[in-house]
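> Here's the letter readout for the chains.
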Amino acid sequence: MRHLPPSRPVTRREALCRMGSGFGMLSFASMVGQSITRAATTLDANGVPGARIPNFKPKAKHVIFLFMNGGLSQVDSFDPKPMLEKYHGQPLPGEIPQHERKTGNLMKSPFTFKKYGKSGIEVSEIFPMLGECVDDMCIIRSMYTDIPNHEPSLLMMNVGHIQPGRPSIGSWITYGLGTENRNLPSFVVLCPEVPTTVGPPLWNSAFLPPVYQGTYISDSVKDKKFDPQKLIANIHNDKFDLKQQKSEIDLLEKLDRLQIEQERADDPQLEATLQSMETAYRMQTEAPDVFDVRKESEATIKLYGEGSTARGCLTAARLVERGVRMVQVYYAKGDPWDHHFDIELHRKNGKDSDQPFAALIKDLKSRGLFDETLIVCGSEFGRTPVVEVGSGFMGGQVHNGRDHNPHGFTVWLAGGGVKGGMTYGATDDFGWKVADKGMHVHDLHATILYLLGIDHTKLTYRYSGRDFRLTDVAGNVIHDIVA
Amino acid sequence: MRSVIALLIASVPLHAAPTASEGADFFENKVRPVLANNCYACHTNSEMGGLRVDSREALLKGGKTGPAVMPGDPEKSLLIQAVRQTGELKMPKGGKLKPQDVAALAEWVKMGAPWPETAQTIPVSKSKQFTITPEQRKFWSFQPLREPELPQVKEKSWAKTNIDRLVLSKLESEGLKPVAPAARRTLIRRATLDLIGLPPTPDEIDAFVADKSPHAFEKVVDRLLASPQYGERWGRHWLDVVRYAEDDVRGLDPKDRGYMPFSGAYVYRDWVIQAFNQDLPFDAFVKAQLAGDLLDQKVRPKTVAGTAMLGQGPWWWDQAEPVQGRADERNERIDLVSRGFLGLTVACARCHNHKYDPISQQDYYALAGVFLNTTYTEYPTSSPAETAAWQKQQKKIDDLDEELDKFIQEEGKLYAEVVAHKTAKYLVAAWKVTGEPKMKLPEAAAEEKVDPELLEKWIKFLGRPQKHYPYLLDWQDMVKSGGTLEQAQFLANQFQDVVLSVLAEAKELKKENDIIKAKADVKEKPHRDAYPNEFETKDQFCPGCDLELKTMQPLERSSIYLDVFVYDLDSETEQKPDPGLLNLKDWSLERHFSTEVTEHIAAVRAEIEALKKALPQQFPFVHGVGDTKAIQNMHVNVRGNPNNLGDEVPRRFLAVLSSDEPKPFSNGSGRLELANAVVASPIAARVIANRVWKWHFGTGIVDTPSNFGQMGERPTNPDLLEYLAKTFVDNGMSFKKLHREILLSSVYQLSAESSSVNQEKDPANRWYWRANRRRLDAEAIRDSVLYASGALDLKKVGGPATDFAADNDRRTVYCKVSRYRLNDFLQVFDFPNPSFTAEQRFSTNVPLQRLFFMNSTFVYRQADRLAKRVYDEGSDEARIRKAYRLLYGRVPTEAEMKAGLEFVRANPEKPGNQIAGEPPTPWKQYARVLLSSNEFEFVN
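First to last, the protein sequences are chains E and G. Okay, so the first sequence: first residue is 1 according to my numbering, each after it adds one. Okay, so the second sequence: first residue is 1 according to my numbering, each after it adds one.
Be a bit skeptical, because a hint or two may be false.
Keeping only pairs whose Cα atoms sit at most 25 Å apart, straight-line, the calculated SDA-like set for lysine to any residue is [to be verified]:
1) E:K102 - G:A520
2) E:K108 - G:L473
3) G:K460 - E:A474
4) E:K102 - G:P554
5) E:K254 - G:R890
6) E:K246 - G:A520
7) G:K93 - E:P91
8) E:K86 - G:P470
9) G:K910 - E:D250
10) E:K108 - G:P470
11) E:K230 - G:N823
12) E:K362 - E:E296
13) E:K458 - G:N823
14) G:K898 - E:R257
15) E:K458 - G:E386
16) E:K102 - G:E896
17) E:K102 - G:E47
18) E:K254 - G:P554
19) G:K355 - E:K362
20) G:K550 - E:P91
21) E:K239 - G:A906
22) E:K458 - G:M48
23) E:K243 - G:A899
24) G:K507 - E:G89
25) G:K694 - E:G89
26) G:K90 - E:Y463
27) E:K102 - G:A899
For each label pair, taking beta carbons as the anchor points, the in silico distance ranges come out as [said to hold, decoys possible]:
28) E:K86 - G:D477: 44 to 52 Å
29) G:R137 - E:T457: 43 to 51 Å
30) E:E261 - G:G66: 50 to 58 Å
31) G:D222 - E:P268: 52 to 60 Å
32) G:P99 - E:Q262: 37 to 45 Å
33) E:H479 - G:S659: 50 to 58 Å
Keep in mind that the hints were calculated from the coordinates and are not lab data. Ideal placement from N, C-alpha and C gives every residue a C-beta, glycine not left out.
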């Protein structure tokens with residue numbers, strides 16, 4: 001087979017069918033050997049390739065990405081700016097950076113900040129419970145991105161590029177690492193309602209094989225008839241019980257085996273369908289079970305509180321507990337944190353998310369999962385320290401809000417290999433632009449992959465004539481935040 | 001010792017190579033071609049890894065990892081280690097040199113790496129002038145089509161056709177033997193699924209098995225090619241390449257955020273199906289899709305539908321700044337046309353010259369210029385009168401909808417103003433309830449003549465925390481300290497004054513701001529069906545965002561305004577705040593309207609409903625493209641940045657595919673000239689011939705079907721590909737003739753059986769010694785299930801796409817294809833992402849696919865129908881035999897019969913449970929098991 005690149009241990013077609021259990025997909029990268037160097041594949045008792053050895057010793061095994069879509073204002077949450085208070089109502093000195101709409105003078109935060117924990121990091125009053133967890137959090141105050149519009153920036157944060165059509169970070173991670181639980185999807189996206197702005201392209205596998213697509217699950221609490229059986233397509237059979245199903249599967253296996261014999265077909269594809277049938281059978285019990293948060297103790301449910309974000313965070317904890325690689329929790333559909341006209345609305349959103357976010361940190365700790373789970377929490381961009389004055393809302397006569405700001409914003413991380421109780425980088429005196437240790441979204445991605453044990457420059461996929469990667473041609477691992 | 005020799009050789013002048021003429025000949029014949037064909041792409045001007053291989057000095061100097069050549073010592077030479085691929089460094093990337101070439105390189109190094117004097121270094125291109133070297137031009141896929149010599153083969157009887165001779169010659173030279181031919185039952189199933197995407201009927205199988213004529217299979221193939229289902233199958237293959245979809249991801253669609261359907265998308269899909277059924281020659285097919293609007297007036301009505309390939313997006317203008325979005329759209333079109341039609345990755349040259357292929361950034365912007373002058377254009381397929389009538393009625397509905405919304409909004413504002421004037425009354429009433437009098441709410445409301453429901457809201461509001469509602473401080477203190485009616489009345493009057501004054505200020509500011517906006521001529525938000533060509537400026541993207549409007553000052557006043565008239569930040573509803581105190585909505589508001597107003601609203605709503613019902617199905621559009629009026633050239637975008645412009649580049653075709661300097665396009669956008677150049681390119685014929693072969697066999701002769709460049713695969717059987725491409729062109733680019741020739745070959749008719757010798761030598765079957773066993777694709781699976789149950793509706797052809805409902809019995813090609821959210825079934829069965837040109841389909845095997853068979857309503861429904869079809873037979877044995885005949889076209893074996901009988905008899909239905917006219921449950925289960933089997937889901 002000298003016409004084939006020697007790095008391929010099996011043909012792509014064989015590799016794909018051997019994956020067998022592709023919800024429980026295994027690391028495709030490891031099997032085709034085309035991307036991660038020194039990727040190693042181990043075979044389990046059934047001869048199915050298992051998890052590969054990563055590039056580095058991984059510090060985290062799972063990622064939970066809490067997405068405050070719309071744009072969290074840094075100066076009203078995690079990046080206090082006394083100078084704003086002092087110069088409230090005055091014009092910003094110097095040149096105004098590019099943003100979306102017309103803005104006016106500097107505007108102080110309507111919220112007060114307080115020091116928390118041993119680290120004494122200041123957190124705004126909209127996140128009081130999260131503030132109590134600050135010693136576990138690594139607050140990056142020097143994030144920046146490229147464009148002050150939601151769509152491109154949402155895409156940048158999720159797929160590493162400003163247009164749709166690149167694989168989502170979750171797809172890259174599952175492509176590289178495979179999954180630990182073949183009975184569950186390995187990349188799950190939770191949002192009360194689809195669409196969010198941009199929507200499914202944010203969790204698309206794009207040119208990676210379709211098995212790496214995020215599985216979107218609506219966890220709206222508005223739906224009173226919440227039924228975990230209905231969350232995944234075809235997961236439940238309401239006509240036959242498991243025993244009856246088993247008899248069908250037994251017959252099917254018998255007939256399939258007879259056919260293999262008759263045709264003397266030695267084809268791994270045929271063997272693989274038998275295996276995936278077994279997995280599918282088991283999934284029917286396991287998958288609905290994991291989404292049924294009602295099975296948690298009253299204390300746990302109380303810890304998280306009520307609402308979609310609470311349920312999303314709790315579901316995320318249950319999913320990673322069962323080996324799911326990546327879970328994304330979106331706050332709500334649309335751009336719910338996009339407070340152009342009244343930043344006080346942040347208070348409302350804070351009320352819905354403060355308790356669940358804090359609960360997630362505490363709960364992961366009590367489950368013993370905190371150290372192996374990386375929590376990432378942030379938005380596609382931040383907001384301006386100056387008030388917005390453009391048109392659009394209520395005839396334009398009310399302006400207590402802030403415009404989009406890609407030049408400096410905050411993202412916080414916790415758990416899985418990052419240092420707690422620290423801040424990294426800084427914005428300028430007013431919180432507009434990065435002033436110290438800027439961290440581009442590509443750098444964040446590179447660092448997330450690093451924490452998972454992946455070298456972001458080696459996680460590649462050949463498509464359309466070139467090797468693609470999550471971080472494109474950029475990205476630096478920020479070692480300062482690694483524990 | 002060795003190092004001394006190396007030193008000696010290295011120090012002698014280059015033109016005095018030790019074995020002068022011999023060495024030179026060896027170099028020119030054996031070494032230079034190898035370097036040129038395999039290494040120059042990355043290691044000349046691109047200097048990948050810091051290495052050039054086009055001069056002896058460069059090789060001795062080496063790259064980042066050290067000298068590439070140690071003259072005299074192949075073992076120590078990195079170049080040799082790399083091409084032998086024994087160590088870490090493996091070259092060429094993604095492939096391997098032929099053993100004889102590796103040997104030649106090693107031999108040459110051993111000779112001391114002689115490099116004759118005449119060997120010129122490729123000029124270092126420092127200037128913008130991009131040069132294509134003769135070696136690059138000689139790359140296999142750029143060559144004119146040639147007629148390959150038909151080789152002599154040993155197994156003459158096996159080689160029935162020219163294709164067979166070419167395949168067999170390769171097999172024989174590699175020491176492989178074709179396996180036995182497929183059984184007739186297998187063959188007709190393969191051919192039928194292959195050509196029309198459905199299994200054969202039992203009668204068709206019987207007829208073919210019984211047909212002793214030497215032309216039996218030929219008859220089958222001709223029947224299938226003439227079937228209208230052929231286009232539904234092969235048209236769908238093409239739709240993968242052109243990333244056909246019926247909607248687009250559009251952030252600014254105001255009505256249904258994120259989702260924007262192309263209502264007439266199906267016109268293009270049906271046009272493609274028809275093109276295949278009518279065997280439209282490929283060149284005409286391509287021209288229609290690139291330039292159907294520019295062809296001769298006489299044919300134009302038939303070709304304009306093709307331009308929807310470009311018109312149906314994806315459009316990205318509203319995903320970012322328009323300048324960036326437009327640049328990305330052009331990039332997408334270049335990617336589609338270059339990979340889809342030409343097998344070249346031209347999009348790689350957006351930011352710099354192509355790293356591997358001789359494609360310059362100028363080439364890229366020459367093509368981008370074509371798309372710069374191509375704009376979204378709709379072509380109605382109905383009469384102008386019909387079109388106008390529909391549009392008029394739709395507009396009426398939209399206008400009424402908008403008017404009603406506005407009316408209710410205004411009424412709500414009026415009502416808020418009315419009750420705002422009663423603020424003091426509400427406060428006093430609230431005091432009567434919460435203060436000293438401790439009255440019951442209804443009594444207090446009655447006494448003050450206020451609405452009890454709203455009073456309740458007021459009471460809640462007045463109790464809000466002072467931290468966020470500092471203006472309530474005085475009131476709350478007064479109530480707490482047991483204030484009197486006079487005190488309450490005083491504060492109530494004061495608060496009413498504040499409420500009325502912020503309301504008045506807001507109204508005044510709105511008037512002023514409306515004037516500012518009117519002066520600036522701000523356009524309204526895009527309308528419902530905003531076209532992809534409507535956004536060019538930032539102001540269209542974000543209307544009024546650049547204005548500076550007047551604002552209520554100070555902050556506290558606007559807080560009061562928001563709390564009272566806009567929203568309630570402390571409401572319990574999650575995610576979205578409830579409406580503010582006096583911002584009444586829906587029933588809370590409408591119950592206060594007068595009878596006249598209520599009647600008016602009801603009447604308008606009824607009118608809208610009636611109009612919607614009466615609206616005929618929308619006339620179909622072609623969502624195509626046309627030329628812009630003012631034609632311009634692109635400027636090179638320096639490093640791909642559309643805001644950093646370099647030289648102007650005339651619109652023209654790719655230099656490497658043009659024999660001379662490519663002539664600038666002069667006719668409008670140049671799309672027609674582009675189309676003509678594409679179809680005249682030999683590489684286009686190779687690409688499509690290889691695609692057809694891959695669709696038939698599962699693997700391509702080049703298995704990177706959209707990349708025929710350096711980084712693509714080399715053909716496993718070059719002569720075979722040449723033959724197919726040449727024959728295709730000679731036969732007038734007829735798909736049907738190509739299918740026929742392929743299907744009638746012995747190689748197509750091989751069985752899928754294995755052979756250990758072959759398996760060892762060619763495990764991936766890249767030289768076609770057997771048939772590949774393949775899982776059916778998404779469409780074939782769904783269609784086959786419907787076909788087996790007897791429910792498939794083959795009569796309903798074309799038209800608007802239908803949902804994947806369980807009771808939808810149409811072929812899958814007519815089901816919805818969404819870029820925004822791909823249907824779960826399609827997704828699970830590996831349908832390609834319809835946002836990009838797809839070169840192939842994956843074939844995964846995941847549990848979700850099994851769950852579809854185990855639990856989906858669709859499969860249940862079809863299994864029940866199948867059970868019913870079968871159960872009409874008189875005995876259990878006959879029923880099982882019928883099921884096997886319908887599904888697999890064969891008789892069950894004894895073991896299969898036994899297993900089936902055991903199953904249906906093991907759990908007989910309890911008497912009374914069976915529904916009249918329906919088969920017992922075990923038969924339904926049995927039918928589902930048979931539908932879920934590998935035999936049904938795979939074709940071999």
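> Compare the structure with the hints numbered earlier in the document and write down the numbers of the violated ones, lowest to highest.
The structure conflicts with hints 3, 6, 7, 13, 15, 16, 17, 18, 19, 25, 27, 28, 29 and 31, although it agrees with all the remaining ones.
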